[in-house]
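**Q** What follows is each chain in one-letter form.
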Amino acid sequence: MVKKVVIFIIILSNLYSQDIYQKSCVECHKSLPASLQRMFMNYLLVYSGEENVKVGLFHYIRYPHKDTSVMSKLFIETIGVKRPIPRHKLSDKDLKEAIDIYWEKYKVFDKIR
Amino acid sequence: MLVLKNRVTNSILNSERKSLLRFLTLYILMSTVVILLLSIFYYQYQDKLNLANHRTQLSTYAHDLIRRLKRTHHFFDQSQIYPRDNRFKSAIYDMEYINIFSILDEKKVYFHKEIYRINSKIHFVKVLDNYYLGAKYLIIEVDDIDDWIDEVIKNIILYGVVALLLLALFGLYLSRLFLKPMRDYLMLLDTFIKDTTHELNTPLSAILANIEMMDREVMVEKNIKKLHRINIAAKTVSTIYNDLTYLVLKRENASYNIDINMQDIIYDRVEYFDILASSKKIEFRIDLEPIILYIDKEKITRVIDNLISNAIKYNKRGGFIDIILRDKYLVISDSGIGIEESKIPYIFDRYMRFNQSEGGFGIGLSIVKDILNEYHISIDVESQINIGTKMVLRW
Chain A
1 MVKKVVIFII ILSNLYSQDI YQKSCVECHK SLPASLQRMF MNYLLVYSGE ENVKVGLFHY
61 IRYPHKDTSV MSKLFIETIG VKRPIPRHKL SDKDLKEAID IYWEKYKVFD KIR
Chain B
1 MLVLKNRVTN SILNSERKSL LRFLTLYILM STVVILLLSI FYYQYQDKLN LANHRTQLST
61 YAHDLIRRLK RTHHFFDQSQ IYPRDNRFKS AIYDMEYINI FSILDEKKVY FHKEIYRINS
121 KIHFVKVLDN YYLGAKYLII EVDDIDDWID EVIKNIILYG VVALLLLALF GLYLSRLFLK
181 PMRDYLMLLD TFIKDTTHEL NTPLSAILAN IEMMDREVMV EKNIKKLHRI NIAAKTVSTI
241 YNDLTYLVLK RENASYNIDI NMQDIIYDRV EYFDILASSK KIEFRIDLEP IILYIDKEKI
301 TRVIDNLISN AIKYNKRGGF IDIILRDKYL VISDSGIGIE ESKIPYIFDR YMRFNQSEGG
361 FGIGLSIVKD ILNEYHISID VESQINIGTK MVLRW
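Protein sequences, first through last, are from chains A and B.
End of the first sequence sits at 113 in the working numbering; the numbers just go up one at a time, nothing left out.
End of the second sequence sits at 395 in the working numbering; the numbers just go up one at a time, nothing left out.
FYI, nobody ran anything at the bench for these hints, they're computed from the structure.
These numbers come from a predicted model, not from an experiment.
Treat the hints with caution; some may be incorrect.
Below 27 Å or equal to it, Euclidean Cα-Cα: the simulated BS3-like pairs (lysine-lysine) are [claimed, not checked]: (1) B:K194 - A:K111; (2) B:K70 - A:K111; (3) B:K70 - A:K54; (4) A:K111 - B:K89; (5) A:K111 - B:K107; (6) B:K70 - A:K107; (7) A:K82 - A:K66; (8) A:K73 - B:K70; (9) A:K105 - B:K70; (10) A:K66 - B:K70; (11) A:K107 - B:K89; (12) B:K369 - B:K390; (13) B:K107 - A:K107; (14) A:K107 - B:K108.
Whole structure, please, built from the sequences with the hints as guidance.
**A** Below, the structure written as structure tokens:
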């Protein structure tokens, strides 16, 4: 019993220590064949600048459609278009915060040598 | 006779030379501006031609780099090394003109020009269709090898000078063509004056000598008055004759300068003109100091004669002429009709006459100015209509 409680507390504390990006994005994308970095590079390929990428990403998460997806046709046909995330599950503010974290994590500026 | 002709021609040539010089200066100035403009266009054309030559090569470099950027983009999780090339330097910027990565020497980039020169570098801006690594703008930079500039400048100087010389020659031909009517007119006038002078000499000398020799004591009063009038007329003609003689024959003779007592010479000339002045009841008011000037007697006589003659000619009946001589200046003022202020700058021009009612050729003051210039004596003219004119000579 004590063991179960400890495990529950650890899971709970892990859950609360995660940021909005980890909680809302990483968890679901784990199961997809394309990594978040690959998707980020696809966004860069289409949208180029920071503001543009963020706006495009925000719009797609709210209104996903195969025509506006940055992923390949094969990926869409195999995996399908994601379901839209309703605002009561992820507010605009949290979504923007998650996108900011995503940008900071994968942006190429500081990484190129 | 040949010497006389040469002198006349020289005096014409002087005025022609002035006009020619003015015209040519303006013409060459304008030609230079045109040649400069053409040089600028030629330079710009060569610049564009040179850039166009570079464009093909830089475009090839850009396509090479885009291929390598694509590889870097797709394998970014494995390698983040920016593709470099020894032949050129490059940089990538995103859609918002934010620098993603740059190894350019010249950091300043003009995104809206395809190719341009900047601080000895050439930049080629390629807008990407696919934004590899987020890059919309790819900048390729190479050194600007400016050998062509020396060649262009050499061409501009060479052809510019040749063109300018040809245009100057053409301008010279044109100006001579345009000035020919003026030259012919002046030649005719000078020939006329020369002939008139020559023809006047003998009869005038005879008239003046005979007037002096006539015995007034045996004459009746009526005839004395007539003789008096003849004397005035003869002296007026004599003054004109002396001016013409100076202009045609003596102008270019070397000056024979000696110490001249200006007081004596002015008294002498006033006495000579007294008969002319008294005919118009003009009073001389003379205030002279004994001043010595080192000058040609004939020439200073022409100056004083002309100034006094004008003061009499353009004076009112019953007026006055003031003559003041001091150490550094001579003033001759009259109570005459005056000269309009706008015309004062032109009174020393040859053949310039403002009052057609009085006789003369308009050469008196031209001679005065000519002589004063030779001796570096300045002349100031102050005049008011119907009040008088004041001539001040300073040395």
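**Q** Please flag the earlier hints that this structure goes against, numbers listed from lowest up.
**A** 1
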